[in-house]
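S.K.: For the protein sequence lines, the chains are Z and E, in the order given. In terms of numbering that gives the first Met the number 0, the first sequence opens at residue 0 and continues consecutively. In terms of numbering that gives the first Met the number 0, the second sequence opens at residue 0 and continues consecutively.
None of these hints come from the bench; they were simulated from the model. Each residue gets a CB set at the ideal place from its N, CA and C atoms; glycine is no exception. Any given hint might turn out to be false.
As the list claims (entries may be wrong) - Each pair of labels, with its calculated beta carbon distance range:
id	chain 1	residue 1	chain 2	residue 2	range
1	Z	D20	E	L313	14 to 22 Å
2	Z	A142	E	L261	45 to 53 Å
3	E	A257	Z	P98	39 to 47 Å
4	E	W186	Z	D138	57 to 65 Å
5	E	L313	Z	A142	24 to 32 Å
Unchecked claim - In silico negatives: residues of chain E with every beta carbon more than 10 Å from chain Z:
id	residue
6	R89
7	L97
8	V110
9	L118
10	T144
11	T147
12	G175
13	W283
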Amino acid sequence: MSKRVGETITFDNVGLRYGTDREVLSDVSFTLYPGSFYFLTGASGAGKTSLLKLLYLAQRPSRGVISMFGTDVITLPRSRLPAFRRRLGVVFQDFRLIPHLSAFDNVALPLRVSGVREADLRKHVTDMLEWVGLAHRTDARPATLSGGEQQRVAIARAVIGRPDMLVADEPTGNVDPEMALKLLRLFEALNRLGTTVVVATHDVHLLKKVPDSLIMRLDKGRLSDPTGALRYPPQRQVTDRDDNAQLGQDGGEF
Amino acid sequence: MKNPPSRPKFGGAGLSGGFSLMRGDRAAQLVPQARLAGPMPWVIAIMVALTVIAAAGGLALNNLAQNARSELSGGATVQIVEALPQERDRQARAALALLAEHPAVASVRRVPDAELERLLEPWLGVGADKEAVPIPALIDLQMRTEATEAQLDSMRRLLADQAPAARIDAQSAWLGPVFSAISSLQWLALALVILLGLTSAAAVWLAARSALGTNRNTIEVVHLLGGTDSQIAQIFQRSVGFDATLGGTVGLALGLVAVLVLGQQFVGLDSGMVAGGGLTWINWLMLAVIPIAGVIIAMLTARLTVTGALRRML
Ligand SMILES: Nc1ncnc2c1ncn2[C@@H]1O[C@H](COP(=O)(O)OP(=O)(O)OP(=O)(O)O)[C@@H](O)[C@H]1O
Ligand SMILES: [Mg+2]
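The following block holds chain Z by itself, in its conformation from the complex (with noise of 0.2 Å):
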């Protein structure tokens, strides 16, 4: 327990302020265990992007600790980044996927970056885009995509390497609830290996499809957190989720 312990993600007194407007972001403290199922939620322009932005290294904050698996992220020097940044699946609200690149080559990006060797990724890249549905659209530009499409390859380059935690903006935002609901049970699956999931949403009803998750609720750049369960999360869960994902109830294989 200990050891995991040391792998949260946690934020303390975290402001931010874009140039020298007022905070978007005020006195945000949390811990995310490892293995949890997180929402974020929160009227638009509340601050979502905003705290994922944090999350996936993407921006400073203007004041407060930052710490990710046991690290303090804020004074580390910017070379030692990458490594952490390899260590999460990020999916952009705006999916970010590059335009001359086909689908395949985007979702196999991450992996190239960490070095995967071509022969060893070829496979696990198309089977990621079977999975999501794109089986037949492998050699498509994003461009030629529709929009339910593109963000399926962005989820897919999100997993693919099998991250240690994976930022999710509006995953869902533009696709059909079945297929909403297919991605948000690729999350859990994730999820159930160990995998730290943050999903930000407006969908409401898609928060009652992960029975286990926990609610994170910003309202204009602050975290309302009542219980303080977001501070201090219940221990049992977090062990509970560690056994599932040891015990490998999907057969172990992922």
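Chain Z is already provided as a structure; the job is to place chain E with the ligands on it using the hints.
M.R.: Same frame as chain Z, now just chain E with the ligands:
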């Protein structure tokens, strides 16, 4: 529900391992070559061609000046300026005999009247009246070492009695203005080479920046996926290097053709002055280095531009 696909074997994408994995060839596979804007290779080609021509000119001038200097430095000319032909002839013989004995003199030769007349023909016309326009007798001296003013003085004293009409000049003296003109041209060529080099570097820098602008999204995404600065810089370095190599090769070819054509023209002149203005094989090698330097500058600016932009990201 079907399980999601299994996870690929990472070479060590964890906190410590993932770093050193991507080197060299792998980086280029991340994204296809982000090419420089269309006309860039041509701009580089033109700059390289101009630089090659300017450098070739400078080197040829340098060779010419050095050849001329070594040929002329040991040379001196004695003129017997005397209107009376018999007296002129007597003094010339006396001077010839005296100078042949002088320790500093390697060889001495009277320029025959026929040769002199041929040299002066363009100015005086054929069969000019020799009495009307007295032509001085001319003696060519070759010294053992470079002609010094002290040696020339000692010769003047030697001739003062027997050949009072003798005037001795070092050949380099009257070529002085030519040498200084050549040397100015050399400086000009050097300045041109430097200016062209700077302009090329600036052009490449701008091209790298605009390539960076159009690929900003790609750079950001690779950055956020955990790409290191050097991985991302390498993507750019390679494509810029590719374009610069293309441009540099074309430019070198164009420049060399121009230099060869110009060289042929000068050989056609075949004047004593221009002899020795050719290029040695070392010079040709130096010209070939120009596009290589161009490629290095291009890749270096690309790298600096990209890493500079990346440093502004977290
Ligand atoms: N780069 C930026 N520069 C300045 N202000 C920004 C920037 N990005 C976001 N903001 C502001 O920060 C606030 C929070 O934005 P954010 O994108 O985090 O909201 P959100 O909760 O993700 O909204 P949505 O649900 O619409 O995606 C908004 O008021 C927005 O205008
Ligand atoms: Mg948002």
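S.K.: Are there hints from earlier that the structure breaks, and if so, what are their numbers?
M.R.: Hint check: nothing fails, all pass.
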